[in-house]
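**Student:** These protein sequence lines map, in sequence, to chains V and X. Take 65 as the starting number for the first sequence in the numbering used here and just add one per residue. Take 65 as the starting number for the second sequence in the numbering used here and just add one per residue.
Errors might be hidden in some of the hints.
The list treats identical chains as one, so a pair stands whether inside a single copy or across any two.
Claimed, not checked - For lysine to aspartate or glutamate, the following EDC-like pairs were computed, each having C-alpha atoms within a straight-line distance of at most 20 Å:
no.	residue 1	residue 2
1	LYS526	GLU163
2	LYS202	GLU121
3	LYS202	ASP122
4	LYS445	GLU121
Just so you know, these hints were derived from the structure itself, not from any lab.
Residues per chain, in single letters:
2 protein chains.
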Amino acid sequence: MSTFVVVGGDAAGMSAASKAKRDDPDLDVVVFERGQWVSYGACGLPYYVKGEIQSLEDLVSVTPEEFREERDIDLRIGHDVTEIDPDGRTVTAQGDDGEVEQEYDHLLVATGAEAVTPPIEGLDREGVYTLGSMSDGKDLREYVARARDEGNLQQPDRGLACQFLETCTGPVGIVGGGYIGIEMAEALAANGFEVHLFQRGDRVLTQFSRATSEAVLDHLETQDVAVYLDSEVRELAGDGSVEAVVTPDDRVPVEMVLVGTGVRPRTALAEAAGIELGETGAIATDAYRETTVQDVYAAGDCAEAEHVVTGAPAYVPLALTANRHGRAVGQTVTGSPTEGGGVAGTAAVKAFDVEAARTGVLPEEARRAGFDPLTDTIEAKSRAGYYPEGGTVQVTLTVDRPTGRVLGGSLVSEYGEGAVHRSHALVGAVTEGVTVDELANYDLAYAPPFNTTWDPVLTAAKVVDGQR
Amino acid sequence: MSTFVVVGGDAAGMSAASKAKRDDPDLDVVVFERGQWVSYGACGLPYYVKGEIQSLEDLVSVTPEEFREERDIDLRIGHDVTEIDPDGRTVTAQGDDGEVEQEYDHLLVATGAEAVTPPIEGLDREGVYTLGSMSDGKDLREYVARARDEGNLQQPDRGLACQFLETCTGPVGIVGGGYIGIEMAEALAANGFEVHLFQRGDRVLTQFSRATSEAVLDHLETQDVAVYLDSEVRELAGDGSVEAVVTPDDRVPVEMVLVGTGVRPRTALAEAAGIELGETGAIATDAYRETTVQDVYAAGDCAEAEHVVTGAPAYVPLALTANRHGRAVGQTVTGSPTEGGGVAGTAAVKAFDVEAARTGVLPEEARRAGFDPLTDTIEAKSRAGYYPEGGTVQVTLTVDRPTGRVLGGSLVSEYGEGAVHRSHALVGAVTEGVTVDELANYDLAYAPPFNTTWDPVLTAAKVVDGQR
C-alpha cells in the first residue's frame, strides 16, 4: 500500500488529498496542518470582517471531520512539519503529543504564503492587524464590533450614524492598495470607519492597467476613502497602541492599522530539504508540479508556475491555481499524470460599487518578456444604450504590435455591469495566443439587457487592431 | 470615382456604408432603404413594447440626417430596389418620385430577413401581430396601451391590479417559443396581460440545450405564463378579430395574438439577379462575403456564413454578425480585403428574471456534423457559497468524445448571475478548437462576489472531462 503525504491543509493540499483518495481509495493519504482550520476560503475574510458572513465556519467548505470520516483522509491538524527527508522519504511533524515521523511514497508541499513584513517601525504595536489567517479575521471582526460599540457609547450622537453606516468611528489606516487593502477599505467603511489608505506606488491595484487603477481610485474617493499615493509608510507611531501612520509627508491619526502589503511563498521547509526555488523565489516545479526532488510536488501559494503568455515561471499566489494544481497532483500521484495548466495572472476584485479584473501581461510586464506592446483603453456602455439599466465598462487591451497577439487586458465597471465575467473572453484569448483581429471577430453573445451589439471586449479589440 | 451601392439600410448595410466611407472618403456610397427607418436596434423592440423604452427613436443609433450630413452617405429611404443587373452593374429602385437606376462598382445586398408565415388559418385577422419591424413595434405598443386603458375602464375592480402589474387584461396568445416569443411574454405580462404561449415542439428555445429550455420553462410557469408544448396552432379563430387560438387539443380564448415563428432570408432580389443561394436557403458567400457574382456582396440576415465549429455554411441571422460582416465588406470594397469571421451560433436571451446564452453546436447538430457528442449539465453556485448574494448557474457542455474538443454550450442563471457573460469563455473555446481538459485548466477570474473558486464553466469542463 502506497502513502501520499501532504504538508498544508488548505486549497492545494486538501484538493490533492481529496482527489487522490477519490481516484485511488486504497491509497493512504496523510495531511499535516499546523493550524486548526483546513480548506477554508481566505478570500472571504474581508466579507466576514465586513459583517456579511456571520460565522468563520461559513468559510469552511469541508470540515476536518468530513475529511476524516467521509473522505477517509488521515488529517492531523495542529501538526507542524519540521523536516522533510527526501533520502529517507519521511517527514517529521511536531504535534501536541510530541514528534511523529511519517513515511511517504509521494509528498506534496503545500505550505502556502506568508505576509510580507514591510520595513515599517511599530508593526508590533497593539491595534496593528494583518489578514492572512482565520484567526486574523476573527481578531479584526472583534475589533470592529468593539470599536463600533465604543463609538456608540462615547459619542451617543454618532450612534445613530453607525446604524446607518455613515462614518462614525475610526479613523483607521490601511497600508497597501492591493486586493486586501481595497477589500478591507470596503469592509471597514461599511462599518462606519473613516478610512485612510496608504500606497507606496503611484496607483492602487498595480497589477491592473493604469486606467483600471485610476477608475478604482476615483471610485474610492467617491466613497470617502482617503487615499495617499506615493506614500511609503515609515512608522506606525503611538504610545503603546498605534496612534498615527507616519509617512515622509504626513502624520495621520488613526486608532487601528491593517497592513496588507502582499505575500511571499513559505519555502523554508522545502529549502531545508534541498528542494530548489525558482527565479521568482517560489518553489520551482515542472508542468506536473514535481519539484527538483523526485516524488516531491509543490502546489499553491508556495510554488511558481508557467505563465501562459510568457512561458516563463511566474509567482501568482491565488486560490484557483492552488485548487487546480492540487487536484492535478492528486491525479498524478494516483497514476494519471496530469498537467494542471499554467497561470494567466488572472485576478478579480470588488471595490465598493465597482468590479475589476485583469489577465495576461500588461505593457511593463510584456516589455520585460520581449514583446513590443501596444495598449489602449476604451470605454463603452455595458448594455444597449436604450436599455433602462446599465453603466460603463472600461477595457484596456494590450497586444504585441508585430504579431497582433493579445497579451493581456484589464477591465472595470460598476458592480454588476460585468467587467469580471467579461474577462473570461480575454483569458481564452491570452491562453490560446489569439490575435486581436481574430478576437474582434468573435461571435460573442449579444442581447440588449447584457451588452451593446459589439460587446465592450470586441470594441476594444477593434480599436486596438485599428492602431496596428 | 468609384461607387459602392448598398441595398438595405439596417445593421449590415449601414455598417458597411459607414466603414467604407470612413476608410475612403472619396468613395461614393449610396444606400437604398425601402422603409423609413435605418440602423435601428430591432432587438430592443420587446423592451419598447414593454414600456421600458419610451420612444422608437431611442432605438435608432444613427439618424438618416446624421448618415447624410455627418457621414456624407447618399442615403435614400423609401426606395425599394426592384432589380439588380450584374452585367450592366446597375440597380433599379422605385421611390416616391419614380424609378431610379444607379450604377455600382461594388454592391452589397443586405436585404435582411422576413417573418416565416406558418400554415395557420386566420393570420390576417384583426388583433394578430408580428414583431419584425419598427412599425410592428409601434402597433403593438399602441395595442398594449389601448388594452390597458380599456381594461381599466371596463373592469374598474381590475384597474388597481393593472397599476401593480398583476394580470388585469388579456388573455393574449403568443405563437412560438423562441427569442421573440419569450421576450414578448415578458413584455406583455409586465403590462398585466394573461399570457398563453404555444410552442410546436416539446420545449421552448430549441436552439439552447434541453436543460436550459427546461429551466426557462420552469421559470415561465412561475411567472404565470401558460405554456402549451407540442401544440401546433391550426387556426386563429374569430368573428372578424381574433378570439381564440385553436390547436388539436385546445381552444384558448384570447383578445390578441403575437406570431413569432422565426424568420427566413429575404433573397428574392438576389435570386432574380442570378446570385446563388447556399444549402441553408440564404445567399451563399465566401469568407469575404462575396457572392457567386463578382463584386456583389451579401451580409446580415439575408446571407449564410461559415460555422466556426462545423466549417459548414450556417444561417444564424443575428445582429452582431450583420454588423461585423457589414463592416468587413466596407473594408474589403475600399481595398483592404477583410474576412469578417465565422459564426459560432451564439445567442442570448433574457426571460423575466432569468438569463440564458448558448454557443457552438449542441448534441443533435453536432451529430449531424459528424461529431460523437458527449454532453452533460451541471448546476453550480454563481458566487462563493458564503457570499450574501448569489444564485445558481446551470451549464450544459457538449464535447466531441474522441478528441475532447469543446463543441458547444448552453448556460442559464437568474438574471444578473452571469450566465450570458460567462458564455464568453465558451465562445473562445469553440472558436479556437480548445479541448475540454484545456478548458478545465483555464485561469479564469475568481473572487467571492463573482463566482466560486472554480467558475461554473470550469466545473462543467471538469465534470465532462471526467466522463470521457
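**Student:** Take the hints in turn and mark each one as holding or not.
**Tutor:** Structure-based check of all given hints:
Proximity of LYS526 and GLU163 under a CA criterion of 20 Å is satisfied in neither setting, with 63 Å inside one chain copy and 39 Å between copies. For the identical chains of this complex, LYS202 and GLU121 are intra-copy neighbours only, at 11 Å inside a copy versus 56 Å across copies, given an alpha-carbon limit of 20 Å. Taking identical chains as interchangeable, the C-alpha atoms of LYS202 and ASP122 lie at most 20 Å apart only when both belong to the same chain, with a minimum of 13 Å there against 52 Å between chains. Proximity of LYS445 and GLU121 under a CA criterion of 20 Å is satisfied inter-copy only: 18 Å between copies versus 40 Å inside one chain copy.
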